[in-house]
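Q: Residues per chain, in single letters:
There are 2 protein chains.
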Amino acid sequence: MHVVKIIPVIGLPIIKDGDDLGRLICEAAAKQGTPIEDRDIIVVTHVIVSRSEGNVINLDEVIPSEFAKNVAEETGKDPALVEVILRESKSIVRIGGGHIIAETKHGFVCANAGVDKSNVPGERNVTPLPKNPDFSARRIRQRIKEISGRDVAVIISDTHGRPLRNGEINVAIGMAGIKPIRDRRGEKDLFGYVLKVKQTAIADELSSAAELVIGQADEGIPVAIIRGYSYEKSEDATAKDLIRPKEKDLFI
Amino acid sequence: MHVVKIIPVIGLPIIKDGDDLGRLICEAAAKQGTPIEDRDIIVVTHVIVSRSEGNVINLDEVIPSEFAKNVAEETGKDPALVEVILRESKSIVRIGGGHIIAETKHGFVCANAGVDKSNVPGERNVTPLPKNPDFSARRIRQRIKEISGRDVAVIISDTHGRPLRNGEINVAIGMAGIKPIRDRRGEKDLFGYVLKVKQTAIADELSSAAELVIGQADEGIPVAIIRGYSYEKSEDATAKDLIRPKEKDLFI
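Chains A and B, in that order, give the protein sequences. Just so we're aligned, residue 3 is where the first sequence starts under this note's numbering, counting upward by one. Just so we're aligned, residue 3 is where the second sequence starts under this note's numbering, counting upward by one.
Hints in this document: simulated from the structure, not taken from any laboratory. Positions of the beta carbon are idealized from the N, C-alpha and C atoms, including for glycine. Be a bit skeptical, because a hint or two may be false.
Far from chain B, by Cβ distances over 10 Å, these chain A residues were calculated [said to hold, decoys possible]: (1) VAL58; (2) PHE137; (3) ARG167.
Computed footprint of chain A on chain B; a stretch qualifies when at least three of its residues, placed anywhere within it, have a C-beta under 8 Å from a C-beta of chain A [unchecked claim]: (4) 3-11; (5) 97-107; (6) 167-176; (7) 179-193; (8) 239-247.
Using the sequences and the hints, build the whole thing.
A: What follows is the structure in structure tokens.
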């Protein structure tokens with residue numbers, strides 16, 4: 003019997019520009035008695051990645067465009083915040099009911115183009131998504147390797163609303179060292195039936211699993227270690243594999 | 003440090019019509035040395051629930067309608083299978099590319115209206131979703147309480163594709179004893195910022211987490227125990243809370 007464990011990483015400092023996340027994660031994991039092991043999956047919330055990369059914007063320094071002002075009036079949002087959201091977007095899915103659903107430059111469709119206000123120090127500060135979340139994940143993975151000698155996978159997660167279902171779940175927006183989709187087509191089921199359509203988005207499932215320990219805002223846990231899950235390694239993993247092009251979408 | 007464990011339940015027999023799932027789960031969990039505990043979350047894949055309820059259909063006994071024959075020709079599917087899918091559906095979202103995306107009578111939007119061929123014994127047998135998955139979950143929860151004396155939550159899960167993103171994830175289609183959405187609006191973040199929009203679909207995240215041990219088809223694991231996750235109890239829980247009415251959807 004093979005138990006999968008979701009271990010919160012506690013005791014990380016407040017992350018700021020220039021912090022070496024890989025080193026801080028290794029140290030915090032060791033200090034709490036769960037040092038990083040080979041094949042651990044390290045799930046990191048995007049907001050601390052952006053903060054470590056200095057990707058924090060003070061709204062007082064943003065000059066909103068005319069369109070941003072129009073959208074701000076329509077949605078009741080701060081015009082400078084709308085301006086930041088628009089700068090992160092390559093298209094808009096919907097503006098209405100106080101919400102902006104946008105497609106980010108990376109291709110993710112989410113509220114506010116992923117621009118986050120929560121867990122950002124400074125009353126007027128917001129964080130966009132990391133500029134290149136796969137690259138960020140690779141760098142953290144590389145640092146963990148250098149410091150601990152351990153070969154891990156790293157997933158950068160974000161909280162997304164989704165079509166058709168209420169509530170948000172955590173999904174993967176960047177990754178390193180792990181294939182995001184497990185292609186099970188051709189495998190046989192319990193009774194010998196060959197699976198025809200099964201492709202499991204395990205990077206998203208791992209992100210959601212991590213949220214079970216990350217999602218305790220009052221404790222401020224931005225990182226989880228998932229231990230005991232057998233995954234397929236990949237050296238050129240990318241979260242782009244999880245984005246379905248609009249023209250291929252059957253649901254909408 | 004509070005670790006969440008995802009424990010596979012191994013050694014269950016092949017489930018058939020009339021089987022007492024609650025009893026079988028208690029016995030298998032005890033036998034493998036992880037007896038059910040209070041506040042465990044038991045995630046059960048829908049296909050064994052349907053099988054235990056005799057909800058298995060032999061395609062040789064199904065007479066397809068004219069429309070089912072048309073759709074079968076369009077999609078390359080078996081006309082009898084299409085007929086079963088249509089009987090489970092209250093509307094069709096898309097027919098194309100060999101796929102049928104339908105809205106089930108319960109309100110779930112998924113491929114083939116949730117009708118499953120895999121993990122069903124008998125070459126011509128398929129399983130629809132349980133008729134009332136919340137009711138099924140309540141019955142399993144009640145039986146576990148009667149047999150073990152333990153107060154648990156039960157989630158019935160299914161594998162769903164989703165709009166905008168590639169790959170399937172496991173989501174909750176029925177539940178008992180657990181509030182499906184954790185409403186965090188009004189809570190404060192690490193820096194005192196009051197969360198405005200956070201409603202986490204924890205029942206879906208728990209289903210996805212369970213899939214990390216369930217999704218090993220070759221081992222045939224249809225049940226997982228999630229232990230160590232603190233959830234809000236609910237005596238009138240329903241998966242309907244996870245369905246977003248089309249008219250409220252901003253994404254599509």
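Q: Would you mind marking each hint as holding or not holding in the structure?
A: Verification of the supplied hints:
| no. | hint | verdict |
| --- | --- | --- |
| 1 | VAL58 | holds, 12 Å |
| 2 | PHE137 | holds, 21 Å |
| 3 | ARG167 | violated, 5 Å |
| 4 | 3-11 | holds (count 8) |
| 5 | 97-107 | holds (count 4) |
| 6 | 167-176 | holds (count 7) |
| 7 | 179-193 | holds (count 9) |
| 8 | 239-247 | holds (count 4) |
The structure is inconsistent with hint 3 alone, although it conforms to all the rest.
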